[in-house]
Amino acid sequence: MSRLQVVSGKGGTGKTTVAAALALALATEGKRTLLVEVEGRQGIAQLFETEALPYEERKIAVAPGGGEVYALAIDPELALLDYLQMFYKLGGAGRALKKLGAIDFATTVAPGLRDVLLTGKACEAVRRKDKAGRFIYDYVVMDAPPTGRITRFLNVNDEVAGLAKIGPIHNQAQAVMRVLKSKETAVHLVTLLEEMPVQETADGIAELHAARLPVGRVIVNMVRPEVLDAADLELVRSVPRTAVAQALSAAGLGGARRGGKAEQLVSPLLTQASEYAERYALEHEQRAVLAELDLQRHELPLLAEGMDLAGLYELARELRKQGMS
Amino acid sequence: MTPDPAEAQDDARRLSPAPVLDVDPLLDDPDTRIVVCCGSGGVGKTTTAAALGLRAAERGRKVVVLTIDPAKRLAQSMGIDSLDNVPRKVKGTEGAGELHAMMLDMKRTFDEVVEAHADAERAAAILANPFYQSLSAGFAGTQEYMAMEKLGQLRARDEWDLIVVDTPPSRSALDFLDAPKRLGSFLDGRLIRLLTAPAKLGGRAGMAFLNVGMSMMTGTLGKLLGGQLLKDVQTFVAAMDTTFGGFRTRADATYKLLQAPGTAFLVVAAPERDALREAAYFVERLAAEDMPLVGLVLNRVHGSGADRLSAERALTAAENLEEARIVDQGGGKAGLRNSPDTYGSSESPAHVPSESRPDESPSSGPADTADESPSSATPDRTVDQLTAGLLRLHAERMQLLSREQRTRDRFTARHPEVAVVQVAALPGDVHDLSGLRDIGSRLAAGRPELP
Numbered sequence: 001m002s003r004l005q006v007v008s009g010k011g012g013t014g015k016t017t018v019a020a021a022l023a024l025a026l027a028t029e030g031k032r033t034l035l036v037e038v039e040g041r042q043g044i045a046q047l048f049e050t051e052a053l054p055y056e057e058r059k060i061a062v063a064p065g066g067g068e069v070y071a072l073a074i075d076p077e078l079a080l081l082d083y084l085q086m087f088y089k090l091g092g093a094g095r096a097l098k099k100l101g102a103i104d105f106a107t108t109v110a111p112g113l114r115d116v117l118l119t120g121k122a123c124e125a126v127r128r129k130d131k132a133g134r135f136i137y138d139y140v141v142m143d144a145p146p147t148g149r150i151t152r153f154l155n156v157n158d159e160v161a162g163l164a165k166i167g168p169i170h171n172q173a174q175a176v177m178r179v180l181k182s183k184e185t186a187v188h189l190v191t192l193l194e195e196m197p198v199q200e201t202a203d204g205i206a207e208l209h210a211a212r213l214p215v216g217r218v219i220v221n222m223v224r225p226e227v228l229d230a231a232d233l234e235l236v237r238s239v240p241r242t243a244v245a246q247a248l249s250a251a252g253l254g255g256a257r258r259g260g261k262a263e264q265l266v267s268p269l270l271t272q273a274s275e276y277a278e279r280y281a282l283e284h285e286q287r288a289v290l291a292e293l294d295l296q297r298h299e300l301p302l303l304a305e306g307m308d309l310a311g312l313y314e315l316a317r318e319l320r321k322q323g324m325s
Numbered sequence: 001m002t003p004d005p006a007e008a009q010d011d012a013r014r015l016s017p018a019p020v021l022d023v024d025p026l027l028d029d030p031d032t033r034i035v036v037c038c039g040s041g042g043v044g045k046t047t048t049a050a051a052l053g054l055r056a057a058e059r060g061r062k063v064v065v066l067t068i069d070p071a072k073r074l075a076q077s078m079g080i081d082s083l084d085n086v087p088r089k090v091k092g093t094e095g096a097g098e099l100h101a102m103m104l105d106m107k108r109t110f111d112e113v114v115e116a117h118a119d120a121e122r123a124a125a126i127l128a129n130p131f132y133q134s135l136s137a138g139f140a141g142t143q144e145y146m147a148m149e150k151l152g153q154l155r156a157r158d159e160w161d162l163i164v165v166d167t168p169p170s171r172s173a174l175d176f177l178d179a180p181k182r183l184g185s186f187l188d189g190r191l192i193r194l195l196t197a198p199a200k201l202g203g204r205a206g207m208a209f210l211n212v213g214m215s216m217m218t219g220t221l222g223k224l225l226g227g228q229l230l231k232d233v234q235t236f237v238a239a240m241d242t243t244f245g246g247f248r249t250r251a252d253a254t255y256k257l258l259q260a261p262g263t264a265f266l267v268v269a270a271p272e273r274d275a276l277r278e279a280a281y282f283v284e285r286l287a288a289e290d291m292p293l294v295g296l297v298l299n300r301v302h303g304s305g306a307d308r309l310s311a312e313r314a315l316t317a318a319e320n321l322e323e324a325r326i327v328d329q330g331g332g333k334a335g336l337r338n339s340p341d342t343y344g345s346s347e348s349p350a351h352v353p354s355e356s357r358p359d360e361s362p363s364s365g366p367a368d369t370a371d372e373s374p375s376s377a378t379p380d381r382t383v384d385q386l387t388a389g390l391l392r393l394h395a396e397r398m399q400l401l402s403r404e405q406r407t408r409d410r411f412t413a414r415h416p417e418v419a420v421v422q423v424a425a426l427p428g429d430v431h432d433l434s435g436l437r438d439i440g441s442r443l444a445a446g447r448p449e450l451p
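These protein sequence lines map, in sequence, to chains A and B. Just so you know, the first sequence maps onto residues 1 to 325 in full-length UniProt numbering. Just so you know, the second sequence maps onto residues 1 to 451 in full-length UniProt numbering.
It should be emphasised that the hints constitute simulated quantities derived from the structure, not laboratory data. Keep in mind the model is a prediction, meaning the values are calculated, not measured. Keep in mind that a hint or two might mislead.
Said to hold, decoys possible - Pairwise CB distance ranges (calculated): (1) V62/A <-> D29/B: 55 to 61 Å; (2) E305/A <-> P261/B: 42 to 48 Å; (3) Y55/A <-> T249/B: 33 to 39 Å.
For each residue, glycine too, the CB sits at the ideal point set by N, CA and C.
Chain B with its partners taken away, still in its complex shape (with noise of 0.2 Å):
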C-alpha cells in the first residue's frame, strides 16, 4: 500500500531502496473487497492466501478465502478437507471477524454455470455429454476459468467483506488473465457460428464462395474428429449456446471486478532467480491489463543475526580451529580413527579427527556418527569442533544471504515502484492456524524477524 521510506530505512539490512508494503492498512480498509495471490508455483501463494485471510479476519474483517488446491494439511488446518465447492467457517479464529474457506471443485462449478443457465431438458443434455464431461473434468485450463466463475460468483452474493484468492499455479500468467478474454474471443468467433448453425451461413447466395469453405471445413473437422466426436462437439455447441450468452457476460464482469478500486493483487515469490523472473512477468502483465497491483510478497527470505561477519571471515575462522586441531594431534590421524579407544581417557589433549564435514555425503545419516566415542572427547576439543561447524554453517548462510539479495536487486532494479514485504523462512511447513497467524504477524512486519 502507501510505501513508507521512514520504514524502509529502518530495516537494518537495507536491502534494497524497495518501498515496504504495509499488509495490515490493505486489509483493513473497507473499500478493499478483493485480494488475488498471484505468482508461480511453488513460492507458499496458498500459505500466504491462507495467513492473509486469517489475520484480515482476527482484526475483524467478515472473509472467505477461495484456494485452488491446498496441501492435505494446510486445508485440513482450515477444516476444508471435504471437496464440495461451498464455503465453510474455520474455527478456532480469535476476534470479531470470521473466518469462511472452501476450495474450489472445478466439474462442480462448470455444472452448476450449466444448470443456472439452460432449462432442465438442455442442462441434462449437456451434463450426458461427453465432450463435456471431458472438459468439465479438469483439463488443464479449465481451472482458470472456473476460479474467475467462482470469484464472480462469491463476490456476487455480498456476505463478505473481503475475498481472497488464491490462483492457480497456471503455466504463465497468460492463463490466468487471459481467460475470461479468451473465452469471449471463443464465443465470438466464427466456429461456434459454424458449429452452431452452419445451414444458417450457408443460405445466401452472395456467400457461395463461403458456402465452399464452410462445406470443406465441416468435411475436414469431420475427416479429423471422426464422425461421433464432431456430433459430440456439435451437440454441446448447440446445447450450450443458450448458456454461452451468460458465460459471457460473466467473463466480462469477472474481468471488470478485478480491474475495479476495490481489488488488491499480491505478487508472491520467493527470492529465487525464476520464482522472481515470474514475479516480474506478472508485475508487467497486471500493468497492461490495468489491473491494480498493490505488491510483492517475497516469501522465504534468510536473514542472519550476525550479519556483520562475512562468509569468507567465518570460513577462515573455521579453518582456523581446523588447524589447531590437526597441529595438535601431530601426525596420528589415521591411527586415531581406528583406535579411538586408546584415547577414551579425558586426559587426551588431541582432538578427535572428523572427516572433513560439509564433503559428507548428504545420505549419511546419525548412524555414521556412532563410532565417535563420546567418551573420547574432551569437552575443548568437541566444542572446537563444533564451532568450526557453526562458522561453515553461517558462512553458507551469508552466501545465501547475498544470492538472495542480488536477485532481489536484479527484481527492484527493473521495478522500483513495486512495494515489497519479506516473509522470513521458516524451518518447516505449516500446517495450523497458530502458524498461519504466525505467518500473518510476520507478513504485517514487513520485513525478516532477525533472529
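This is chain A alone, in the form it adopts within the complex (with noise of 0.2 Å):
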C-alpha cells in the first residue's frame, strides 16, 4: 500500500468524503495517518463536524482500534514561510520578501508556484520521521484538485525543475517528483455514475499515465441501491395498470377502482419507474466503460440518510471491507 494516498475526482463526485474515509479506513489498526487538505474549502472540517482548521497538523479522529487521523488544511502563505525557514533558513528574509509583496506573488498570482507548496508539504509529511527513524505517518491521504487539473497540479514540480536548473528549488523540486512518481504514490479517482464524470476519469487516467504518474484506484462514490432489476423493468413495460392498482390496494393503499386512491399512483409510479430504467441502463454502460479502464474498482453507497459523521465511519469500514486498505 503507498503511504502517499491522492484522492482526485470531478467537481461533485464526493472526492473530499472519499478522502477522509480513507484516511479512516487506514487508520485503524493503530495506524496514524494525516488527511490533507489542499484547496482551502474546509470541507474536512466540515466532514467531520469540527471548527475550521487551522495551518497546523491537528488530530481530528481517532479510528476503531486506536488508530488516529490527523488533519492539515495547507495554507499557502504560511507553507511558503514554512518552507522558507524549514529548507533554506530564511526566516527573516521570509518577513521581508513579505513585506515586498513577494510572497503574494508567490502564493496566488503565480498560482504554480502554490501548487510547489502544496506537494512539497505533502511530500514532506510523507518522509517526515522521528528521532528513531520511524515515520511520524504511515500513511498521508491528500484531498487533491479536481481530475481536470490533478495531473498538472503533482507535475508541477517537473515543470520547476525545468525552470530552475540548479539551485535549491531545483532539488527540491525533484526530490518531490521522485516521490510523487515512485510506488510510495497512488493517484486515485473517484467518480459516479454518470457520462461525465466517468469520461472525465477516463481522461484523466490517460493524462497521468502520459506523465507516469503511479494511478491507483477507482472509487465509485454514491451508488444507488438496485431496487428493480432488469426482469422487473421488463415487466413495467407490459403490465396491466389495472393489475398494479388491485396489487397496491391490496397493500393497504386506497381503492383500486378508477379515481380510487391506489388508482392513481399507478400513473406517478410507473413514470418513475421508467426514468429509474432510464437511469439504470445508463449505469449499466458506464459501469462498463470503466470496466475497460482496467483498474481496481470499488463502489461505495449512497448513504440515504446524507452524509454525516456516522456515515464517514461506514464508508470506512466499506472501503476496508472492499480491501482498499
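Reassemble the complex: the two chains are provided individually, in unrelated frames, and hints are given to aid placement.
And the structure:
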C-alpha cells in the first residue's frame, strides 16, 4: 500500500468525503494517518464536524482499534514561510519577502508556485521521521484538486525543475517528483456512474499515465441501491395498470377502481420506474466503460440519510471490507 | 429577476417561501448584456450557461456563450469541439436570433494580450521566455485571469447583445472574483519595481537602509530560485513592463464591467449540502463586492407525482405485499429457490421468493436474474413483487426529496432574498441542442415539471 494516497475526482463526486473515509480506513489497527486539504475549502472540518482547521497538524478522529487521523489544511502563504525556514533557514528574509509582496506573488499571482508548495508540504509529511527513525505518519491522504487539474498539479515540480535548472528549488522539486512518481504514491479517482464524470475519469487516467504518475484505483461513489432489476423493468413495460392498482389496494393504499386512491398512484409510480429504467441502463453502460479501464474498482453506497460523521465511518468500514486499506 | 409571490404560491409543493427567479424577462431585457454563471464544480454550470444562451438566441437575441472547459459531447453539440479561441456560430438554432459559442484557450488569450501591448520584438522575447511559457500554459489560476480578459474583449467588440459566461471551476469563489484585483495589487507592488529596476531604488542616499534590504532580497531570490531562473523572471518582468499597464487597465475595466447594471450573476448549484454551501458563499461574496446577483439556479431537483404518499407508508405497503407472499408460499422458500422448475406450472399460487432487492449488491446485473424462470411467474405474484419494488423506489425518491428540501431550506433561511429557479433532474446527460432547449424551458418554467 502506497504511503501517499492522492484522491482526485470531478467536482461533485465527493472526493473530500472519499479521502476522509480512506484516511479513517487506513488508520484502523493503530495506524496514524494525515489527511491533507489543499484547496482551502475547509471541507474536512465540515465532514468531521469540527471548527475550521488552522494551518497545523491536528488530531481530528480516532479510528476503530486505536488508530488516529490527523488533519492539515495547507495555507499556501504559511507553507511558503515554513518552507523558507525549514529548507533555507530564511526566517527573517521570509518576512522581508512578505513585505515586498513576494509572498503574495508566489502564492496567488503565480499559482504554479502555490501548487509547488502544496505538493511539497504533502511529500514532506510523507518523508518525515521521528528520532527513532520511524515514519511519523503511516499514511498521508491528500484531498487533491479535481481530475481536470490533477496531472498538472502533481507534475508542477517537473516544470519547476525545468525552469530552475540549478539551486535549492531545483533540488527540492526533484525530490518531490521522486516521491510522486514512485510506488510510494497512488492517485485514486472518484467518479459517479454518470457519463461526464466517467469520461473525465478515463481522460484523467490517460493523462496520469502519460505523465508517468502512478494511477491507483477507481472509486465509484454514491452508488444507488438496485431497487428494481432487469426482469422487473421488463415487466414495467407490459404490466396492466389495473393489476398494479389492485396490488396497491391490497397493500392497503386505497381503492383500485378508476379514480380510487390506489389507482391514482399507478401513473406516477410507473413514471418513476421508467426514469429509473433509463438511469439503470445508463449506469450499466458507465460500469462497462469503467471496466475497460482495467483498474481495481471500489463502489461506495449512496447514504440515504445524507452524509454525516456516522456515514463517514460507514464508508470507511466499506473501504476496509473491499480491501482498499 | 422580479420576485413573483403569486407564482411561488402556485408551486404545488411549496418548497419554500423564496421568490421565484423568472428567467425569460432577464434574457429578453435588452439591458442585460452579460450573464455570469458561477458555482462549484459538477453542478451543471456549463450546461446551464449553454441552455440560457440557446434560449436567449431562440427568443431573438444575438448571443455568445463563453465556456471554459465543456464536456466533449456538449461542446460537439454546439460545434465548438475545436479549441481555437474564436466564437463560432452554432447551427441548428430556431428563431430570429443567433447563437455563437467559444471555448477559452488560455494560452492563446494570454499570447494575444502580449502581442497587442508590446512591440513585435518585445512580444517575441516574452513569448519565448521559459517562465512565461509555464505561466501561460495554464497553471491553476491563469484560467481566471484569462476568462476575465476574454470577457472584456468580447464585450469591447460589441458584436453581441448578450454574453453568457461560464466561470472556471475555481477552488473557491475568491479566485474568480479576486483575479483582477490580485493582478492589480501585484502590479502596484514593490516586488515588480524590485525586479524591473533594482538600480533605481538603490540610487538615493536616503534609501541606504532599503538598499541593504534590497541587496539581501536579490541575494535571497537568487539563492532561492537559482541564478538562471531569477534571470528568466527578471527578463520576463522587464519585457512585460510595457504590457502590464494594459493588463491593469483592463483588469480594472473588467471588474467594473461586472459590477455594472447590464451584468447579471447567476449562482448555479445542486440541492446537495456542499454545493449549496458554496452557493451561499458565492452569494455573500457577490454582495460584498457589489456584484449584481439575480438569483440561484438549482439544478437536478427531484419531484414526484405521488408526493402525498410518504416514504414510510410506501415502505409499509411494500412490506405488506412481500409478507403476504411469504405467508402464501409457506415454508418452501429454500426448496423453491433450488428447484424452480417444479413450480413451473401456471397454477402455482406461490410467489417466487426474491432476495430482498434493496440489499442486492449493486454490481449484480441482469445476468443474475436469469435463473428466475419466466414461466413460473403467474401474473399476480410477479405484479405483487413488482409493485413492492415500485413502492420501495417511491420511498427512496421521497427520502431524496426531503433531503433536498432540507438542504434547500437551510439555504433559503440564510438567504431569503435570493430568487430561486429549480430545474428538474434528468435521468441522463445532455448532448444536443434539443436537450439544451429542454433545459432552457425547464429553467423558464421556474419549477420542476411534475411527472
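Now for the hints, and whether the structure bears them out:
no.	hint	in the structure
1	V62/A <-> D29/B: 55 to 61 Å	57 Å, holds
2	E305/A <-> P261/B: 42 to 48 Å	44 Å, holds
3	Y55/A <-> T249/B: 33 to 39 Å	36 Å, holds
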